[in-house]
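Asks: Line by line, the protein sequences are chains C and P.
Those letters in the first sequence? Residues 2 to 280, by my numbering.
Those letters in the second sequence? Residues 24 to 193, by my numbering.
Take the hints with a grain of salt, since some may be wrong.
[As the list claims (entries may be wrong)] Below, simulated DSS-like cross-link-like pairs (lysine-lysine); rule was C-alpha separation at most 30 Å, straight line:
| hint | chain 1 | residue 1 | chain 2 | residue 2 |
| --- | --- | --- | --- | --- |
| 1 | P | Lys29 | P | Lys60 |
| 2 | P | Lys41 | C | Lys256 |
| 3 | P | Lys143 | C | Lys49 |
| 4 | P | Lys162 | C | Lys63 |
| 5 | C | Lys64 | P | Lys77 |
| 6 | C | Lys100 | P | Lys74 |
| 7 | P | Lys138 | C | Lys170 |
| 8 | P | Lys74 | C | Lys92 |
| 9 | P | Lys138 | C | Lys224 |
| 10 | C | Lys64 | P | Lys144 |
| 11 | C | Lys159 | P | Lys138 |
| 12 | P | Lys122 | P | Lys48 |
| 13 | C | Lys93 | P | Lys74 |
| 14 | C | Lys49 | P | Lys144 |
| 15 | P | Lys144 | C | Lys237 |
| 16 | C | Lys105 | P | Lys29 |
| 17 | C | Lys237 | C | Lys42 |
| 18 | C | Lys64 | P | Lys138 |
| 19 | P | Lys48 | C | Lys49 |
| 20 | C | Lys49 | P | Lys60 |
| 21 | C | Lys237 | C | Lys207 |
| 22 | P | Lys173 | C | Lys105 |
| 23 | C | Lys105 | P | Lys186 |
| 24 | P | Lys74 | C | Lys63 |
| 25 | P | Lys143 | C | Lys63 |
| 26 | C | Lys53 | P | Lys60 |
| 27 | C | Lys49 | P | Lys138 |
| 28 | C | Lys100 | P | Lys138 |
| 29 | C | Lys237 | P | Lys74 |
| 30 | C | Lys207 | C | Lys64 |
| 31 | P | Lys60 | P | Lys48 |
| 32 | P | Lys122 | C | Lys105 |
| 33 | P | Lys143 | C | Lys64 |
| 34 | C | Lys237 | P | Lys48 |
Don't read these hints as lab results, they were simulated from the structure.
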Amino acid sequence: MQPGKIKNTIPTTEAIVRLYTVCATELPGDVREKLRKSLEKEESDTAKHILKTILENTDLAKKESKPICQDTGTPVFYISIDNTLPLDEIKKHIEAATKQATEKIPLRPNATDPITGTNTGNKPIIHIEQSDQFRIDLLMKGGGSENISAIYSLPDTKLNANRDIEGIKRCVLDAVFHAQGKGCPPYIIGIAIGGNIEQVAHLSKKQLLRNLNDRSKDEQLNKLETELLENINKLKIGPMGLGGKTTALSVKIAKTHRHPASYFIGISFSCWALRRQSL
Amino acid sequence: MTDFTKLNVGDRIQLSAKLFTARDKAHLYLLDNNFDKIKDSIIYHCGPIIKDNKVIAAGPTTSSRLNPYTPELIEKYNIKAIIGKGGMDESVLEALRGKAIYASAIGGAALVYAKNMTVKKQHMPEFGMPESIWELVVKDIPLIVTMDSKGNSLYDDILQNSKNILESLY
Numbered sequence: 002m003q004p005g006k007i008k009n010t011i012p013t014t015e016a017i018v019r020l021y022t023v024c025a026t027e028l029p030g031d032v033r034e035k036l037r038k039s040l041e042k043e044e045s046d047t048a049k050h051i052l053k054t055i056l057e058n059t060d061l062a063k064k065e066s067k068p069i070c071q072d073t074g075t076p077v078f079y080i081s082i083d084n085t086l087p088l089d090e091i092k093k094h095i096e097a098a099t100k101q102a103t104e105k106i107p108l109r110p111n112a113t114d115p116i117t118g119t120n121t122g123n124k125p126i127i128h129i130e131q132s133d134q135f136r137i138d139l140l141m142k143g144g145g146s147e148n149i150s151a152i153y154s155l156p157d158t159k160l161n162a163n164r165d166i167e168g169i170k171r172c173v174l175d176a177v178f179h180a181q182g183k184g185c186p187p188y189i190i191g192i193a194i195g196g197n198i199e200q201v202a203h204l205s206k207k208q209l210l211r212n213l214n215d216r217s218k219d220e221q222l223n224k225l226e227t228e229l230l231e232n233i234n235k236l237k238i239g240p241m242g243l244g245g246k247t248t249a250l251s252v253k254i255a256k257t258h259r260h261p262a263s264y265f266i267g268i269s270f271s272c273w274a275l276r277r278q279s280l
Numbered sequence: 024m025t026d027f028t029k030l031n032v033g034d035r036i037q038l039s040a041k042l043f044t045a046r047d048k049a050h051l052y053l054l055d056n057n058f059d060k061i062k063d064s065i066i067y068h069c070g071p072i073i074k075d076n077k078v079i080a081a082g083p084t085t086s087s088r089l090n091p092y093t094p095e096l097i098e099k100y101n102i103k104a105i106i107g108k109g110g111m112d113e114s115v116l117e118a119l120r121g122k123a124i125y126a127s128a129i130g131g132a133a134l135v136y137a138k139n140m141t142v143k144k145q146h147m148p149e150f151g152m153p154e155s156i157w158e159l160v161v162k163d164i165p166l167i168v169t170m171d172s173k174g175n176s177l178y179d180d181i182l183q184n185s186k187n188i189l190e191s192l193y
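Please take these sequences and the hints and turn them into a complete structure.
Replies: What follows is the structure, given as structure tokens:
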């Protein structure tokens, strides 16, 4: 469905279950294409073997309509909506669809109480933004790559990172260096510069929704996206952290105004299995 | 069973064996209790999706979270191999010495693994699906030996190399 097409109607529970199904089982075409291209470039046997297996797995997932990864992640919904549509109803549909999708696809029950340790199924996170165009994006966010995501506060004397482009680069490379193979590279990396702490967490993650071929319209950020990707791949961490030329598939950057006292860099990682779909 | 101690870092293997999945909760349980079934066997860091006793998806989870428990686990149960992703620390490398190996499964390749796995038993179902100890039989699953029993770690090599490159970029 095209965004905006369903203005004045809200999606049914069934439509959201379908959104979950496609999201969990089909790797977006732009991500698959980047993986395929990186396989052509790799020279090491191990890296090639890993990328081939990954591609084979995505084909199997689509063919058999099964989840690409057993970690079906935390469902994160981004809803753009105008004030004529009933938000409460959409939320109810999302909650009902989450239960049904967990049973039907199936998804792994991932919501865990941090104190009691009880597993309570799946709990979607829902972000709402006012907009004339109705749109729902779903990101099924894996835990491994969430754990290596980070927020830096500049200046960082340990990294010798100041409040400038060079400082930003140092933070991002530091985050990738510490991540190594822990979050299932090749990574897709969303970065947010400026703002308050909750903004950089949110905005950097939202960059993961962008098509991998999309480039920042801001000339400086566009340049930084290219440079960072090149430098990250120079680290030779490689697919699954076992060496190779492809440590990241894409870097996406956004900025937002900061308080004069603060300078935050938010870095959200996605594993290669970037599961995002829209309605 | 395969003599894992003969394997070297970088070796690619197709494993056919019985193994037990274990994540954070299972590790604590295994250390606090005696679970003799797991003696001399293989641990898989994995929280699978299993429905009607069929393995739907079962790739590896990040192993580094389990660093603090692993040396004691290897010692207590004479574990022969650990399967996971992302590698483990120096204390685990030391615990593997002369005894066991760590092999990497490919993260996210959950169906490639699941299609060659059958469920034997779910232990500790009260831990929930991802955290239960699943006893599985696997056939020809693809693995890469990344920490051997001779003190070598492919992860250490990659880490050191990337550190040198990072320093040269400034």
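Asks: Hint by hint, say whether it matches the structure.
Replies: Right, here's what the structure says about each hint:
no.: 1; hint: P:Lys29 x P:Lys60; result: holds (24 Å)
no.: 2; hint: P:Lys41 x C:Lys256; result: violated (51 Å)
no.: 3; hint: P:Lys143 x C:Lys49; result: violated (33 Å)
no.: 4; hint: P:Lys162 x C:Lys63; result: holds (23 Å)
no.: 5; hint: C:Lys64 x P:Lys77; result: holds (18 Å)
no.: 6; hint: C:Lys100 x P:Lys74; result: holds (15 Å)
no.: 7; hint: P:Lys138 x C:Lys170; result: violated (42 Å)
no.: 8; hint: P:Lys74 x C:Lys92; result: holds (27 Å)
no.: 9; hint: P:Lys138 x C:Lys224; result: violated (43 Å)
no.: 10; hint: C:Lys64 x P:Lys144; result: holds (28 Å)
no.: 11; hint: C:Lys159 x P:Lys138; result: violated (47 Å)
no.: 12; hint: P:Lys122 x P:Lys48; result: holds (24 Å)
no.: 13; hint: C:Lys93 x P:Lys74; result: holds (26 Å)
no.: 14; hint: C:Lys49 x P:Lys144; result: violated (35 Å)
no.: 15; hint: P:Lys144 x C:Lys237; result: violated (41 Å)
no.: 16; hint: C:Lys105 x P:Lys29; result: violated (44 Å)
no.: 17; hint: C:Lys237 x C:Lys42; result: holds (13 Å)
no.: 18; hint: C:Lys64 x P:Lys138; result: holds (13 Å)
no.: 19; hint: P:Lys48 x C:Lys49; result: violated (34 Å)
no.: 20; hint: C:Lys49 x P:Lys60; result: violated (37 Å)
no.: 21; hint: C:Lys237 x C:Lys207; result: holds (27 Å)
no.: 22; hint: P:Lys173 x C:Lys105; result: violated (46 Å)
no.: 23; hint: C:Lys105 x P:Lys186; result: violated (45 Å)
no.: 24; hint: P:Lys74 x C:Lys63; result: holds (19 Å)
no.: 25; hint: P:Lys143 x C:Lys63; result: holds (27 Å)
no.: 26; hint: C:Lys53 x P:Lys60; result: violated (36 Å)
no.: 27; hint: C:Lys49 x P:Lys138; result: holds (21 Å)
no.: 28; hint: C:Lys100 x P:Lys138; result: holds (25 Å)
no.: 29; hint: C:Lys237 x P:Lys74; result: violated (38 Å)
no.: 30; hint: C:Lys207 x C:Lys64; result: holds (29 Å)
no.: 31; hint: P:Lys60 x P:Lys48; result: holds (17 Å)
no.: 32; hint: P:Lys122 x C:Lys105; result: violated (43 Å)
no.: 33; hint: P:Lys143 x C:Lys64; result: holds (27 Å)
no.: 34; hint: C:Lys237 x P:Lys48; result: violated (34 Å)
Comparing the model with each earlier hint shows violations of hints 2, 3, 7, 9, 11, 14, 15, 16, 19, 20, 22, 23, 26, 29, 32, 34; every other hint is respected.
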